[in-house]
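Chemist: For reference, the chains in residue letters:
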Amino acid sequence: DIQMTQSPSSLSASVGDRVTITCRASEGIDTYLNWYQQKPGKAPKLLIYSASSLQSGVPSRFSGSVSGSDFTLTISSLQPADFATYYCQQSYSTPLTFGGGTKVEIK
Amino acid sequence: QVQLLESGGGVVQPGGSLRLSCVASGFIFNTHGMHWVRQAPGKGLEWVAFIRFDGANKYYAESVKGRFTIARDNSMDTLSLQMRSLRPEDTAVYYCARDSRTWVVDYWGQGTLVIVSS
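Residue numbers (the numbering used here), protein chains in the order written: chain A, 1 to 107; chain B, 1 to 118.
So here's chain A without its partners, still in its complex pose (with noise of 0.2 Å):
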């Protein structure tokens, strides 16, 4: 199976930060690699597929990037609506695996 490691596994951040996740898979994965965002007691959303392609209706605050074996999530500017856990998964091949999740928090 591959292993998806996400970092940090939370974080701190103010209305207007820049925040970055990153994500790294234990064998390569090409860009078959998304990102979700769930708040508390609801669905996961799709934000980000095939690494970099913003899902419709999300927005552009939302940008995702890959270096080498690095997946990066970053939120532009972050907004209220933000705070929430993030998950990247990959598509690449099953058993489709998630990241552990990073609690992006209110400091």
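Hints in this document: simulated from the structure, not taken from any laboratory.
The beta-carbon is built from N, C-alpha and C at its ideal position, and this holds for glycine as well.
Any given hint could be a false lead.
Stated by the list, open to error - Think about it this way: if two alpha-carbon atoms lie no more than 30 Å apart in a straight line, the pair counts; the simulated DSS-like pairs of lysine-lysine are:
#	chain 1	residue 1	chain 2	residue 2
1	B	65	B	43
2	A	103	A	42
3	A	42	B	65
4	A	103	B	43
5	A	42	B	58
6	B	43	B	58
7	A	39	A	107
8	A	42	A	107
9	A	45	A	103
10	A	39	B	43
11	A	45	B	43
12	B	43	A	42
13	A	45	A	107
14	A	103	A	39
15	B	43	A	107
16	B	58	A	107
17	B	65	A	107
Said to hold, decoys possible - With the Cβ distance kept under 10 Å, some of the chain A side facing chain B (calculated, not the full set):
#	residue
18	39
19	43
20	46
21	50
22	83
23	87
24	95
25	98
26	99
We have chain A already, so just place chain B on it with the hints.
Modeler: Then chain B, alone, in the frame of chain A:
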């Protein structure tokens, strides 16, 4: 708009069975693969199973293989998950989810809670 409505969750004893259902609307059901994904209380997301748009292929997580069966009825726009030999570690919110392109999940239901406890 796309809607996925799960039902069938509840409390079951270890070793028992439960069948989850998901009714889909707002899209052409028989053109999309479908997933079940679960989340144990306070934990992260775990993929459970996938079924191809026509039901021809099914894939399972190792943790549920041989105990869970995913199925679909395209005439009723319904997805199901038959769960047998349930264990306490199967306790989770189970989400029905749509596949938008291979293995990318673009819509999720609200989830149904399964508690396995004596």
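Chemist: Between the alpha carbons of residue 42 of chain A and residue 58 of chain B, is the straight-line distance 30 Å or under?
Modeler: holds (27 Å)
Chemist: For the hint on residue 46 of chain A, just tell me whether its beta-carbon gets within less than 10 Å of chain B.
Modeler: holds (5 Å)
Chemist: Below or equal to 30 Å on CA atoms is what counts here, so check residue 103 of chain A against residue 43 of chain B.
Modeler: holds (12 Å)
Chemist: If you draw a straight line from the CA of residue 58 of chain B to the CA of residue 107 of chain A, is it 30 Å or shorter?
Modeler: Not satisfied, since the Cα-Cα distance of roughly 44 Å exceeds 30 Å.
Chemist: Do the alpha carbons of residue 45 of chain A and residue 107 of chain A lie within 30 Å of each other, as the hint requires?
Modeler: Roughly 23 Å between the alpha carbons, so the hint for residue 45 of chain A and residue 107 of chain A holds.
Chemist: Would the hint on residue 87 of chain A stand, with a C-beta cut-off of 10 Å toward chain B?
Modeler: holds (6 Å)
Chemist: Hint check: residue 65 of chain B vs residue 43 of chain B, CA-CA at most 30 Å. Holds or violated?
Modeler: With Cα atoms ~21 Å apart, residue 65 of chain B and residue 43 of chain B stay inside 30 Å; holds.
Chemist: Can we keep the residue 50 of chain A interface hint, with Cβ of chain B closer than 10 Å?
Modeler: holds (8 Å)
Chemist: For the hint on residue 83 of chain A, does the least C-beta distance to chain B fall short of 10 Å?
Modeler: violated (17 Å)
Chemist: Should the hint that residue 99 of chain A touches chain B count as held when the rule is a Cβ pair under 10 Å?
Modeler: Interface hint status for residue 99 of chain A: holds (8 Å vs cutoff 10 Å).
Chemist: Quickly compare the C-alpha distance for residue 103 of chain A and residue 42 of chain A to 30 Å and report which way the hint goes.
Modeler: Within the cut-off at roughly 14 Å; holds.
Chemist: Below or equal to 30 Å on CA atoms is what counts here, so check residue 65 of chain B against residue 107 of chain A.
Modeler: Outside the cut-off at roughly 43 Å; violated.
The earlier numbered hints that this structure contradicts are 16, 17, 18, 22.
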